[in-house]
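2 protein chains.
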Amino acid sequence: MSSPAVEYARQNQPRFLAELKDLLRIPSVSTLPQHKTDVERAAEFIASQMRAIGLEHVAIIQTAGHPLVYADWLHASGKPTALCYGHYDVQPPDPLNEWTTPPFEPTERNQNLYARGAVDDKGQMFMHLKALESLMQSGAGKLPINVRLLIEGEEEVGGESIARFIRENPQKLKCDFALVSDTEMYAPDLPTLCVGLRGMVYTEVEARGAKVDLHSGMYGGAAPNPFVALAQIIAKLKDENGRILIPGFYDRVTTPSSEELQDWKALPFDEEDYRQSEVGSSELTGEPGYSVAERTWARPTLDVHGMPGGFVGAGAKTVIPARASAKISMRLVPEQRPEEIYKLFSDYVKSIVPRGIQISIRSWSLADPIIIRTDNRFVHAAKDAMKEIFGKETVYIRSGGSIPVVADFEKHLKVPSVMMGFGLPDDNLHAPNEKFHIPNFYRGIESIIRFFQLLSS
Amino acid sequence: MSSPAVEYARQNQPRFLAELKDLLRIPSVSTLPQHKTDVERAAEFIASQMRAIGLEHVAIIQTAGHPLVYADWLHASGKPTALCYGHYDVQPPDPLNEWTTPPFEPTERNQNLYARGAVDDKGQMFMHLKALESLMQSGAGKLPINVRLLIEGEEEVGGESIARFIRENPQKLKCDFALVSDTEMYAPDLPTLCVGLRGMVYTEVEARGAKVDLHSGMYGGAAPNPFVALAQIIAKLKDENGRILIPGFYDRVTTPSSEELQDWKALPFDEEDYRQSEVGSSELTGEPGYSVAERTWARPTLDVHGMPGGFVGAGAKTVIPARASAKISMRLVPEQRPEEIYKLFSDYVKSIVPRGIQISIRSWSLADPIIIRTDNRFVHAAKDAMKEIFGKETVYIRSGGSIPVVADFEKHLKVPSVMMGFGLPDDNLHAPNEKFHIPNFYRGIESIIRFFQLLSS
Chain V
607 MSSPAVEYAR QNQPRFLAEL KDLLRIPSVS TLPQHKTDVE RAAEFIASQM
657 RAIGLEHVAI IQTAGHPLVY ADWLHASGKP TALCYGHYDV QPPDPLNEWT
707 TPPFEPTERN QNLYARGAVD DKGQMFMHLK ALESLMQSGA GKLPINVRLL
757 IEGEEEVGGE SIARFIRENP QKLKCDFALV SDTEMYAPDL PTLCVGLRGM
807 VYTEVEARGA KVDLHSGMYG GAAPNPFVAL AQIIAKLKDE NGRILIPGFY
857 DRVTTPSSEE LQDWKALPFD EEDYRQSEVG SSELTGEPGY SVAERTWARP
907 TLDVHGMPGG FVGAGAKTVI PARASAKISM RLVPEQRPEE IYKLFSDYVK
957 SIVPRGIQIS IRSWSLADPI IIRTDNRFVH AAKDAMKEIF GKETVYIRSG
1007 GSIPVVADFE KHLKVPSVMM GFGLPDDNLH APNEKFHIPN FYRGIESIIR
1057 FFQLLSS
Chain X
607 MSSPAVEYAR QNQPRFLAEL KDLLRIPSVS TLPQHKTDVE RAAEFIASQM
657 RAIGLEHVAI IQTAGHPLVY ADWLHASGKP TALCYGHYDV QPPDPLNEWT
707 TPPFEPTERN QNLYARGAVD DKGQMFMHLK ALESLMQSGA GKLPINVRLL
757 IEGEEEVGGE SIARFIRENP QKLKCDFALV SDTEMYAPDL PTLCVGLRGM
807 VYTEVEARGA KVDLHSGMYG GAAPNPFVAL AQIIAKLKDE NGRILIPGFY
857 DRVTTPSSEE LQDWKALPFD EEDYRQSEVG SSELTGEPGY SVAERTWARP
907 TLDVHGMPGG FVGAGAKTVI PARASAKISM RLVPEQRPEE IYKLFSDYVK
957 SIVPRGIQIS IRSWSLADPI IIRTDNRFVH AAKDAMKEIF GKETVYIRSG
1007 GSIPVVADFE KHLKVPSVMM GFGLPDDNLH APNEKFHIPN FYRGIESIIR
1057 FFQLLSS
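Protein sequences, first through last, are from chains V and X.
When you read off a place in the first sequence, starting at 1, and then add 606, the result is the number in our numbering.
When you read off a place in the second sequence, starting at 1, and then add 606, the result is the number in our numbering.
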């Protein structure tokens, strides 16, 4: 099964890892304005890698937000064209005190590389670059298929710029399929293709009561309390069984096919181990009557991420804050539509605002839910390539996360996406101590090499 | 009506104000550990004022928390002894960006002095010192009555050290009444004695779900969300009419006498003006069937002050936080007992914890509600002194706030408190742009001078 390109990748593993660490040292947190220049540095880092590999038309494309990085190599006449997608921005690292080693000082422990962005998505995006380098170096400056790369810096903040770029430039991105490595394997050593994503609507509801912060002794009992109001609203959004109470919310929800549900039942899953080792809560929650796979992949849900406002320091401050907010998101499943769900949400919230409170609602990060058909040669080649490298049959799963750009590829480029991910369930995405399992970094590079080679034949 | 002491006070107004500004420049925020040395500096400032006045036994008394400052003058044989109480600590100044001028740079505008602590309580506590200075300077080094002073630095964080000191040293604090200037006047130019205070229980409820922060895409639908859980709990604590739903919560609540309710009805109050000018909300809230005075003075209530945890930055972060908290306080009225209410609260909260969530609850700032009897010579002299200085009949009101030390004076020293306050309803206590109306600072000093003189005759 080996090939010169795979050999090249194996021989260069230490350098590939060292270069990934260089990228991880750049704190390219897209949501925090103070990291704007870091985000730009990360884009420049990617572009210089692309140039070194020998890709063409390397460009940092300025946008209203953070830049896109583009490159292509289109000389494999008669062969398919891949669009390699990834993102170089990362989530904020807080809470910092829960990291064993600092988030932007990549550290190896037990075959894992710990750093913010290690797996989401710098490490996985970097696999594409290193697979292309290996193919190019071992192939006399030629690739087995045509490639375009489009790497964004706003995935963690909604990806508006790439969405607009795809919408406005479909001809510049002409391709046969997209390759996305931003998902995870179902279990260690189990090659996995992701064929479904939940969509998302992220909102912030601001509640305003008094015009200024008031003393709760003087005014408590007469002045509206924005936190109490938000609590009353949130309690009416989701019941204690995890059922969302927004009228019409479930109207378009579809059920997976019985075949897909059957496949999920065959996956190696120990609910008690998942509860203890992954979640660590006293009990799992969610809708009764649905498996964990269904609850996290095929059922919509609603979460609250933070409630800014008021007094959050140590000790006691007796303030009735003038305003408070709740960051509330919903994950959507086929055939829910984010714009429609946002309207149902905001209409409902407006209808249950307690007395004395004014609210305003805004949204970002609207993403369509996605189902990928598995009956195409791209998915088949990916399945075979991963099986070859891992020595096990590849499984199809869905993910509960959202990758909005996959819907854009489908809608505007009319191409399917191959979601070949190498993360693991305990990689701590968006959390302290994010990591990437280093063997998966190497096997990911090899799988992509073989995937492209299989598509060429 | 004038006296040499009042004359002295009038002649020294500019210096008194300048010295108060010096005290206000010290950011003695008792709840924030980084201000510990500022709190100590404020204590030292008070002690040096006491020494300069000619008070005796001036002492900075170290405690487990912030120091107490004590002084006395006990040479008015046969005359009553006052215990002058005040506090030199202040609330945190945040949100800083809502202050017109910086909180620790005292600034005069429109006859008001703006600074954190201007009225609560540095400015009011300082009136006692300046009244004593005026009496001493104009009285050949003698005071008309005996005085002890006990000034604390933990009022804004629960006052545990002074409570312990009073409990353990009643003989050192022997007196006939306590004078407390930490309340407000009902209206500008309307002399007011406060004869009732609400009690308090301040709690923090921490909810824990998963063992680490989780990605809401991957785990949303299976992992418990601590914010949703807290919202569900809070929504079960208080209904939308302001009624508290904790079983047994109202069992000991007493109703004011019909005479007291009658007096409240006679107070100058325009509910619509109060709503617009003081609160500024679209509507007032609280229990139907009760006047605003009843709701804020004679009815218990519950407020949420902040909900630390999760993501509170700008933009979107899709985290299910491992933990979140709610700072929740209750204001109590006679005959509710804080320890009992805390137990009812925590038992009830524990009984409604949603699935998958662990909680822990802690409390501080337990304070008894207080009613002061008005049929004693101290209240009568105070009433007459204020009437003389303001030229209007003094009214009796209650306050919705809590001054726990007043209950300690009653319980351990067996003395009534005279709550002679000179704040105004729009002084922004605990909020940005706290102020003290400068004419009230001067009239307060004069009222206290006359009060002590009347008690001597």
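Hints are computed from structural coordinates only; laboratory data are not their basis.
Mixed in with the good hints, there may be bad ones.
The list makes no distinction among identical chains, and a pair is therefore deemed to hold if it is satisfied within one copy or across any two copies.
[Said to hold, decoys possible] Simulated crosslink set (DSBU-like; lysine-lysine; CA at most 30 Å straight-line): (1) Lys-871 x Lys-642; (2) Lys-817 x Lys-871; (3) Lys-842 x Lys-949; (4) Lys-1017 x Lys-627; (5) Lys-817 x Lys-627; (6) Lys-949 x Lys-685; (7) Lys-778 x Lys-1017; (8) Lys-949 x Lys-998; (9) Lys-956 x Lys-748; (10) Lys-956 x Lys-627; (11) Lys-627 x Lys-949; (12) Lys-842 x Lys-685; (13) Lys-778 x Lys-1020; (14) Lys-780 x Lys-949; (15) Lys-842 x Lys-780; (16) Lys-956 x Lys-842; (17) Lys-642 x Lys-685; (18) Lys-842 x Lys-998.
In rising order, the numbers of the hints this structure does not comply with: Violated hints: 1, 4, 6, 8, 9, 10, 11, 12, 14, 15, 17, 18; rest satisfied.
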